[in-house]
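Q: Chain residues, written in single-letter form:
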Amino acid sequence: MVFFAIPFAIVFKISFSYMVPAQPGYAPLLEWFAETQRLVATFNLANYQVLLQDTLYLSTFLYSLKVAAFSTVLCLLLGYPMAYAIARSAPTTRNLFLMLIILPFWTSFLLRVYAWIGLLKTNGVINNTLLSLGIIDQPLVLLYTDFAVYVGIVYSYLPFMILPLYSNLEKHDLTLLEAAADLGARPVKAFFKITLPLSMPGVVAGCLLVFIPAVGEFVIPSLLGRTDQLMIGTVLSAQFFGARNWPVASAVAIALLLLLLLPILLFQRYQQRELEASRR
Amino acid sequence: MNDRGWFRNSILGLGLAFLYIPILSMMFFSFNNSRLVTVWDAENSPTLRWYVRLFENEQLLGAAWISIKIAALSASGAAILGTLAGLVLTRFGPFRGRALLSAMTTAPLVMPEVIMGIAMLLLFVALEQMIGWPAGRGLLTITIAHVTFTMAYVTVVVQSRLAGFDDALEEAALDLGAKPATVFFKITLPLIMPAIVSGWLLAFTLSWDDVVISQFVSGPGSSTLPMEIFSRVRRGVSPDINALATIMVLIVATGVVASTIWMKRQERKRLLEEQMARSDTP
Numbered sequence: 315m316v317f318f319a320i321p322f323a324i325v326f327k328i329s330f331s332y333m334v335p336a337q338p339g340y341a342p343l344l345e346w347f348a349e350t351q352r353l354v355a356t357f358n359l360a361n362y363q364v365l366l367q368d369t370l371y372l373s374t375f376l377y378s379l380k381v382a383a384f385s386t387v388l389c390l391l392l393g394y395p396m397a398y399a400i401a402r403s404a405p406t407t408r409n410l411f412l413m414l415i416i417l418p419f420w421t422s423f424l425l426r427v428y429a430w431i432g433l434l435k436t437n438g439v440i441n442n443t444l445l446s447l448g449i450i451d452q453p454l455v456l457l458y459t460d461f462a463v464y465v466g467i468v469y470s471y472l473p474f475m476i477l478p479l480y481s482n483l484e485k486h487d488l489t490l491l492e493a494a495a496d497l498g499a500r501p502v503k504a505f506f507k508i509t510l511p512l513s514m515p516g517v518v519a520g521c522l523l524v525f526i527p528a529v530g531e532f533v534i535p536s537l538l539g540r541t542d543q544l545m546i547g548t549v550l551s552a553q554f555f556g557a558r559n560w561p562v563a564s565a566v567a568i569a570l571l572l573l574l575l576l577p578i579l580l581f582q583r584y585q586q587r588e589l590e591a592s593r594r
Numbered sequence: 007m008n009d010r011g012w013f014r015n016s017i018l019g020l021g022l023a024f025l026y027i028p029i030l031s032m033m034f035f036s037f038n039n040s041r042l043v044t045v046w047d048a049e050n051s052p053t054l055r056w057y058v059r060l061f062e063n064e065q066l067l068g069a070a071w072i073s074i075k076i077a078a079l080s081a082s083g084a085a086i087l088g089t090l091a092g093l094v095l096t097r098f099g100p101f102r103g104r105a106l107l108s109a110m111t112t113a114p115l116v117m118p119e120v121i122m123g124i125a126m127l128l129l130f131v132a133l134e135q136m137i138g139w140p141a142g143r144g145l146l147t148i149t150i151a152h153v154t155f156t157m158a159y160v161t162v163v164v165q166s167r168l169a170g171f172d173d174a175l176e177e178a179a180l181d182l183g184a185k186p187a188t189v190f191f192k193i194t195l196p197l198i199m200p201a202i203v204s205g206w207l208l209a210f211t212l213s214w215d216d217v218v219i220s221q222f223v224s225g226p227g228s229s230t231l232p233m234e235i236f237s238r239v240r241r242g243v244s245p246d247i248n249a250l251a252t253i254m255v256l257i258v259a260t261g262v263v264a265s266t267i268w269m270k271r272q273e274r275k276r277l278l279e280e281q282m283a284r285s286d287t288p
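Taken in order, these protein sequences are the chains called P and V.
Each residue of the first sequence is one higher than the one before, counting from 315 in our numbering.
Each residue of the second sequence is one higher than the one before, counting from 7 in our numbering.
In short, the hints are calculated from the structure, not lab data.
Please note that a few of the clues may not be correct.
Stated by the list, open to error - The calculated BS3-like cross-link candidates involving lysine-lysine, where the alpha carbons are at most 30 Å apart (straight line), are:
1. K485/P <-> K275/V
2. K485/P <-> K507/P
3. K192/V <-> K270/V
4. K485/P <-> K503/P
5. K270/V <-> K485/P
6. K275/V <-> K192/V
Stated by the list, open to error - Covered by chain P, per the in silico footprint, the following chain V stretches (three or more residues, Cβ under 8 Å):
7. 20–34
8. 210–221
9. 234–243
10. 246–258
For glycine and all other residues, C-beta sits at the position ideal for the given N, C-alpha and C.
The following block holds chain P by itself, in its conformation from the complex (with noise of 0.2 Å):
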C-alpha cells in the first residue's frame, strides 16, 4: 500500500508543478480574454489573424527557419569533424578535449554572445587585425549582419552538437573499419558507407538540439542580428514590451509552439529511446 500510495502522491504533486511549462498558452490564454471583458469575442481570432494577414509575421517566421536551419548545418559541419577527432584521439587526451568542449558551456551565454560584439564591430578585433595586416584597406561591416547570427548560434550551441555527436562515435566498433580496408575500401568510402550511417541518431539528436532553441532565440539576433529582418523570438518579446500586446504574443508563442512541435516529439522519442538503451 505504501508504494503505491506514496508514488501517486508524488506525481501528484510534481504533476502540479510539471502543468506549469506544459500549459503555455492555453489556459492563462483563454483566461486572459475573460479578464479583458469588452474584448473577448473579437479579439480571439483576430490575433491568429493578424499573424497570417501580416506578412511581417510571416517574412519573420521564414527568416527564423532559415536562420536556424543554416546556422545548425554549420554547427554539424564544424561539430562533425571535431566530434570524430576527439572519439578517435587516444583515450587519456579524450577526457581534456571533452572538458574544454564544455568548460564554454559553464560560462555565462550572454557573455560569450557578449565577446563577439567586441570581434565583428568596425573598430573591433578583426577589422583592425585585418586592417593592419593590410589585407583590407576599408573596415568590413561584420556586426548586426546575417552572418553575425550565423557566428553567434553556431558558437554558443556548438557543444550541444559535439557531445551527442561525440558519446554515439565514441562507441563505434572500429574493426569494421579495418574490415573495410581489409576489403580494399578507401578511408573516405569507409567513412561515407559505415561511419556516418552508423552515426545518424547523434546527427539527428545534435542537429535538434541546435535547430529547436535557435529558432526561437531572442539574445543573439537582439545583440548580433540586422536591425531591419527581425525573429521571431525579438518579434514576440517586442509585442510584449514594447507594444504591450500580450494576446498578439501569446498568438506569436502559439504559432511558434505548434512549428516546433513536430521536432520537438522528434527530440523527445530520441532521447526516451536513449534511455531505455543505457538502462539494458
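We have chain P already, so just place chain V on it with the hints.
A: Same frame as chain P, now just chain V:
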C-alpha cells in the same frame, strides 16, 4: 589511418580556437585603458581601472547578489523535485500518466525560452487574479520559473544515473527486512548523490545565466545580473562588462578544473584501495 592524424588535429585545433579566441580576447581587453575597448591603448595599459569601477558599481553588485540568491534557491528546489521525478520515472514502472510526466519533464530542455517565459508570466498573472498569489512579480516568481525549467535537467541527470545502477541492491535490502524508507535513505540516495550534486550545479549555472525567462517574470526592483548585463550590452561594448566577464570566466574555470582534479584523485584513491584489498586476500 595515421596519415590523417594531422587533419583531425588541425580541425580540432581550429574548433577549439573558435571556441576560445572570443573569450580570451574579451579578457585581454578588460585590461585596456581605452574607452573604445578594442583599440589597445599601449601607453596606459594594462590597467585595473575597470575592475575598480566594477566594484564601485552598486547596481551591478546588487544584481549579482539577487542572482546568487535566486540561483541557490531554485537549484535546491530543482534538485529536490527533479530527483523525485527521476525516481518516479525510472523506479515505479508503468503507471497512469507516465508518458505525460515523462514528456513534460523533457519539454523544457528544448522549449524555446521565449515560450517558457511568456507561459510562466501568463500563469502567474492568472494565478494572481484567481487566488491572489503570487502577489506581484519579483524574486519569488523568478525563482519558481527557474525551478520549473532547471528541474528538467536534474531529472535527466538523475534518471540516467538510476538507469545505470543495479536495482538488485535495493531488492536485496528489502529482502533483508529493511523498510522502504530505510532503503531509500541508506542505499538509493547515497548512490544517486553524485547525480544530484551535478544536477544542482547545472541548475545553479542555468539559473545564474538566464536572461530571457527572468525578463518575462521579473518585476520592479528584481533585476538579475544577466538582465542588468543585457540592458547594458545592448548599448554596445563597455569595458567594465569585460572586467566582469573576466572575473566570471576565471571563477568558473577554476571551479571546473578543481572539481575535475578532485574527481580524478578520488578515482585513483578508489583504485588503490581496491588493489590493496585484493593483495590483502591470500
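Q: Output the numbers, in ascending order, of every earlier hint that fails for this structure.
A: Every hint satisfied by this model.
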